[in-house]
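Asks: Chain residues, written in single-letter form:
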Amino acid sequence: DVKVTQSSRYLVKRTGEKVFLECVQDMDHENMFWYRQDPGLGLRLIYFSYDVKMKEKGDIPEGYSVSREKKERFSLILESASTNQTSMYLCASSFQGAEKLFFGSGTQLSVL
Amino acid sequence: RKEVEQDPGPFNVPEGATVAFNCTYSNSASQSFFWYRQDCRKEPKLLMSVYSSGNEDGRFTAQLNRASQYISLLIRDSKLSDSATYLCVVNDGFNKFYFGSGTKLNVKP
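Protein sequences, first through last, are from chains A and B.
According to this note's numbering, the first sequence holds residues 1 to 112 in order.
According to this note's numbering, the second sequence holds residues 113 to 221 in order.
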């Protein structure tokens, strides 16, 4: 079974903190994605990566950065957390050209 | 304008009913189309892909109309276990997937 693992299910941070969200997949997928999901807005793409050390901005990259040093791991970094970054963060992965996205179980981040 | 638009619902239907969801997308160059299902507080999971010729998987039928940029999902003989949020998803052909905000379905006994 494909497994996409996100390091934390719930996270509470303070405004201004640097936050790391980790995602690991075990299927040798080339593509990895970070989305955030907010009520009424659906899933919005923050960043994605199609290879090690390669990254592309999604639709809402402001306030975020990413790191992909190894194929199986894709990290999302909030340089200075703000309250409007309170959200559900979902990591996903897929093969190149594949139809199916595999999601992690999500991290509910609250920034106080 | 959103890339993918869906009626948020909720659709409240009795068991055994037939229910249809619709979705429109804005990018005429979109390459592939899907329906995902998301249960409360869970991650989305692929329900089915959508093809121009239409496709069926048991009680579920999906249709694509490229000319109208419109995707549909029909669920026949609804079960309690079908209660979930259904997400319309469009791929731009360059590894980017765009999600609608979802349509919530409640199937009542």
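The hints are simulated quantities; they were obtained by calculation from the structure and are not laboratory data.
No experiment lies behind these values; they were computed from the predicted model shown.
Check each hint, because a few of them may be wrong.
Pairs of lysine to any residue, SDA-like flavour, derived with a Cα cap of 20 Å [to be verified]: (1) A:100 to B:159; (2) A:100 to B:144; (3) B:154 to A:6; (4) B:208 to A:111; (5) B:157 to A:96; (6) A:55 to B:204; (7) A:100 to B:189; (8) A:71 to B:159; (9) A:57 to B:154; (10) A:100 to B:160; (11) B:154 to A:88; (12) B:208 to A:14; (13) A:57 to B:157; (14) B:157 to A:55; (15) B:154 to A:22; (16) A:55 to B:207; (17) B:154 to A:108; (18) A:100 to B:167.
Which stretches of chain A does chain B cover? Using the computed rule of at least three CB atoms under 8 Å from a CB of chain B, they are [what the hints assert, rightly or not]: (19) 66-80; (20) 97-108.
Even for Gly, the Cβ is constructed at its ideal location relative to N, Cα and C.
Asks: Give me the numbers of the hints this structure contradicts, sorted from smallest to largest.
Replies: The structure conflicts with hints 4, 7, 8, 9, 12, 13, 14, 19, although it agrees with all the remaining ones.
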